[in-house]
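Number of protein chains: 2
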Amino acid sequence: MSNIKVAIVGYGNLGKGTEAALSQASDMELVCVFTRRKPESIKTVTGVPVYSIDDMMGMRDKIDVIVLCGGSATDLPKQTPEMAKYFNVVDSFDTHAKIPEHFENTDKASKDAKKVSVISIGWDPGLFSLNRLIGEAVLPNGNAYTFWGKGISQGHSDAIRRIDGVKDARQYTVPVEEALNSVRNGENPTLSVRQKHIRECFVVAEDGADKALIEKTIKEMPNYFADYDTTVNFISEEELLKNHASMPHGGSVIRSGNTGENKHIIEFSLKLDSNPEFTSSVLVAYARAAYRLYQKGDFGCKTIFDIPPAYLHPESPETLREKLL
Amino acid sequence: MSNIKVAIVGYGNLGKGTEAALSQASDMELVCVFTRRKPESIKTVTGVPVYSIDDMMGMRDKIDVIVLCGGSATDLPKQTPEMAKYFNVVDSFDTHAKIPEHFENTDKASKDAKKVSVISIGWDPGLFSLNRLIGEAVLPNGNAYTFWGKGISQGHSDAIRRIDGVKDARQYTVPVEEALNSVRNGENPTLSVRQKHIRECFVVAEDGADKALIEKTIKEMPNYFADYDTTVNFISEEELLKNHASMPHGGSVIRSGNTGENKHIIEFSLKLDSNPEFTSSVLVAYARAAYRLYQKGDFGCKTIFDIPPAYLHPESPETLREKLL
Numbered sequence: 022m023s024n025i026k027v028a029i030v031g032y033g034n035l036g037k038g039t040e041a042a043l044s045q046a047s048d049m050e051l052v053c054v055f056t057r058r059k060p061e062s063i064k065t066v067t068g069v070p071v072y073s074i075d076d077m078m079g080m081r082d083k084i085d086v087i088v089l090c091g092g093s094a095t096d097l098p099k100q101t102p103e104m105a106k107y108f109n110v111v112d113s114f115d116t117h118a119k120i121p122e123h124f125e126n127t128d129k130a131s132k133d134a135k136k137v138s139v140i141s142i143g144w145d146p147g148l149f150s151l152n153r154l155i156g157e158a159v160l161p162n163g164n165a166y167t168f169w170g171k172g173i174s175q176g177h178s179d180a181i182r183r184i185d186g187v188k189d190a191r192q193y194t195v196p197v198e199e200a201l202n203s204v205r206n207g208e209n210p211t212l213s214v215r216q217k218h219i220r221e222c223f224v225v226a227e228d229g230a231d232k233a234l235i236e237k238t239i240k241e242m243p244n245y246f247a248d249y250d251t252t253v254n255f256i257s258e259e260e261l262l263k264n265h266a267s268m269p270h271g272g273s274v275i276r277s278g279n280t281g282e283n284k285h286i287i288e289f290s291l292k293l294d295s296n297p298e299f300t301s302s303v304l305v306a307y308a309r310a311a312y313r314l315y316q317k318g319d320f321g322c323k324t325i326f327d328i329p330p331a332y333l334h335p336e337s338p339e340t341l342r343e344k345l346l
Numbered sequence: 022m023s024n025i026k027v028a029i030v031g032y033g034n035l036g037k038g039t040e041a042a043l044s045q046a047s048d049m050e051l052v053c054v055f056t057r058r059k060p061e062s063i064k065t066v067t068g069v070p071v072y073s074i075d076d077m078m079g080m081r082d083k084i085d086v087i088v089l090c091g092g093s094a095t096d097l098p099k100q101t102p103e104m105a106k107y108f109n110v111v112d113s114f115d116t117h118a119k120i121p122e123h124f125e126n127t128d129k130a131s132k133d134a135k136k137v138s139v140i141s142i143g144w145d146p147g148l149f150s151l152n153r154l155i156g157e158a159v160l161p162n163g164n165a166y167t168f169w170g171k172g173i174s175q176g177h178s179d180a181i182r183r184i185d186g187v188k189d190a191r192q193y194t195v196p197v198e199e200a201l202n203s204v205r206n207g208e209n210p211t212l213s214v215r216q217k218h219i220r221e222c223f224v225v226a227e228d229g230a231d232k233a234l235i236e237k238t239i240k241e242m243p244n245y246f247a248d249y250d251t252t253v254n255f256i257s258e259e260e261l262l263k264n265h266a267s268m269p270h271g272g273s274v275i276r277s278g279n280t281g282e283n284k285h286i287i288e289f290s291l292k293l294d295s296n297p298e299f300t301s302s303v304l305v306a307y308a309r310a311a312y313r314l315y316q317k318g319d320f321g322c323k324t325i326f327d328i329p330p331a332y333l334h335p336e337s338p339e340t341l342r343e344k345l346l
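The listed protein sequences derive, respectively, from chains A and B. In this note's numbering, each residue's number is its place in the first sequence (first place is 1) plus 21. In this note's numbering, each residue's number is its place in the second sequence (first place is 1) plus 21.
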């Protein structure tokens, strides 16, 4: 059997992570990277060629599936439905509230083109969603909890960076240990936003900036920080680059339910050194599934809820039953 | 939409658990229980009627799916393929080494009958298998670990009960904390059987029995105990019934892998007050899936690897995307 031929669109952290994940996939190969930047300005880690995004159409018969590595704010809402007209695609669209709309747009494009698209893949949305669903289906009488972190929140870090006088910043989302333990003990607590997570900020201020004002602005920022216990630490740029350069993340999805008198706890947890590299690894497994669904003629848009798990793994169903069941 | 009509075959712990789980399922109803015992000797918790297993055929058009609640040693290898000729069926066949053979037998019966069977459902095999597969698919460069417990092993308890002079016994499988922590820390240890689990035995000896000999016999029993650190505690029958009557279990499936320089840990863990009630809850979710696959005309034998997760949940795909993704 020939390898599944993959192309990456966008060569940021997610694109590089996808390149790395593909090098571990025995049955897939990376054909090329497409970019909106000047192709000659990019050198890939593995040396695969880089082409302009304008040249994609000419490559249609050389590519089985495309991994879209753009952002959810502006790139994916346009790119995914557009490219779904011509390619099998996978994306990591993570604006939860807009998933239904994104699904509808992409589903129509894929069905018209007799292609497969898989959206909102990664860990949340993604593997966490899968575990929320399984928890509810298996223990309908119960409570669901999602904790995030400890990890860098890109959105919150960006929000701090936009404040006057801030040169750079990193924000860690940290689950509250007592809350986690209470849930794990089956106490089924009702938890406010503040009781679940702490926000830890590391900020590099510009010379002469009013640090007290920056701290106040952060702590009172609606939606992002006002509802949380937030700590603000001012550090040097050198320290930020030295101690806060990596992108760890993780968290837990916990279902606490009961059957009659008996309590049961289901927990799915992740501890990730690199959020983008892990997300990319999930994307690559679902790119494999997308192509297999395409081969079966099961066209249209799918989410993690719609895909038989066996499609994620390179081995045959027989081998999976023998080795992993 | 009308409810999914379910029948239970076998009214032991698993059958009772299935009855309880069905009472929590908004879209399913229990029609009856079938038994090999005298039907009049059984009174169900919810009051549903009990019929002889010989009367199943006459009920064919009243039942959408059957949950088989017999044992894996002798019941299911015969029952599942036989009943798959006439019904949609779900079982919890858990003899790992014989799953391929059980699959082949059942698959043929279901395909010939244009029905659906789902085998080896529960938590191991079952949800643990699912997580082993996902872990390998997402992080191909890594190590897999399964820890069981703390929980009662029925097979090991039975093995002790067969020893001369033993009146009753319970055996707990206990994961070794240091091993678990090492795996969770991403140390990727190579662990022997002895390093992963401890076996704790609680034994009621008959009057005048040679306790030293019983202890020696347990500790030296090949396959079951010889390769483990085993502790044997002799207790009174009263204490056994008081403190060791419940059937807790659980465990963890951990994937420890890396992408380049970065380490990632995926952990799925269960903490169950009642092993049979939880297993039954999983069976009921997959009974729902079995009937939906049947409605779609996707006939044959399936395992947890083959089933789109959305099929487990009573809500529509639209609602699932909106609420859980």
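Think of the hints as simulated: they come from the structure by calculation, not from any bench. Take these hints with a grain of salt, some might be off.
Stated by the list, open to error - Dumping the calculated BS3-like pairs for lysine-lysine here, alpha-carbon to alpha-carbon at most 27 Å: (1) B/Lys135 - A/Lys284; (2) B/Lys64 - A/Lys132; (3) A/Lys129 - B/Lys83; (4) B/Lys317 - A/Lys284; (5) B/Lys344 - A/Lys99; (6) A/Lys317 - B/Lys317; (7) A/Lys263 - A/Lys232; (8) A/Lys344 - B/Lys344; (9) A/Lys344 - B/Lys83; (10) B/Lys119 - B/Lys83; (11) B/Lys132 - A/Lys317; (12) B/Lys284 - A/Lys64; (13) B/Lys284 - B/Lys135; (14) A/Lys284 - B/Lys284; (15) A/Lys171 - B/Lys129.
What the hints assert, rightly or not - Label pairs and their calculated CB-CB ranges: (16) B/Gly318 - A/Thr65: 42 to 48 Å; (17) B/Ser47 - A/Glu61: 48 to 54 Å; (18) A/Val69 - B/Val214: 54 to 60 Å; (19) A/Glu282 - B/Lys188: 23 to 29 Å.
Backbone N, C-alpha and C define an ideal beta-carbon position, used for all residues, glycine too.
*Using the beta carbons of glutamate 282 of chain A and lysine 188 of chain B, state whether their distance is inside 23 to 29 Å or not.*
With a Cβ separation near 27 Å, glutamate 282 of chain A and lysine 188 of chain B satisfy 23 to 29 Å, so the hint holds.
*Is lysine 135 of chain B within 27 Å of lysine 284 of chain A, Cα to Cα?*
violated (38 Å)
*Does lysine 83 of chain B lie within 27 Å of lysine 344 of chain A when you go C-alpha to C-alpha?*
violated (38 Å)
*Decide if the proposed pair is consistent with the structure: lysine 317 of chain A and lysine 317 of chain B, CA atoms, cutoff 27 Å inclusive.*
holds (15 Å)
*Under the criterion that the straight-line Cα-Cα distance not exceed 27 Å, is the pair lysine 171 of chain A, lysine 129 of chain B satisfied?*
Violated: lysine 171 of chain A and lysine 129 of chain B sit about 49 Å apart, past 27 Å.
*asked:* Hinted pair, alpha-carbon criterion (27 Å max): lysine 284 of chain B, lysine 64 of chain A. Please report holds or violated.
replied: OK: lysine 284 of chain B and lysine 64 of chain A at ~25 Å, within 27 Å.
*Quickly compare the C-alpha distance for lysine 344 of chain B and lysine 99 of chain A to 27 Å and report which way the hint goes.*
holds (23 Å)
_Tell me if the straight-line CA distance from lysine 284 of chain A to lysine 284 of chain B falls inside 27 Å._
violated (33 Å)
*Hinted pair lysine 284 of chain B and lysine 135 of chain B, Cα distance within 27 Å*: violated (46 Å)
*Starting from the hint 54 to 60 Å, judge whether the C-beta atoms of valine 69 of chain A and valine 214 of chain B obey it.*
This hint is violated: roughly 44 Å between Cβ atoms.
_threonine 65 of chain A and glycine 318 of chain B - C-beta distance against the hinted 42 to 48 Å_ = For glycine 318 of chain B and threonine 65 of chain A the Cβ distance comes to about 45 Å; the hint holds.
*asked:* Just to be careful, I want the Cα atoms of lysine 119 of chain B and lysine 83 of chain B compared with a cutoff of 27 Å; is the pair within it?
replied: violated (32 Å)
Hints 1, 2, 3, 4, 8, 9, 10, 13, 14, 15, 17, 18 from the earlier list are contradicted by this structure; the remaining hints agree with it.
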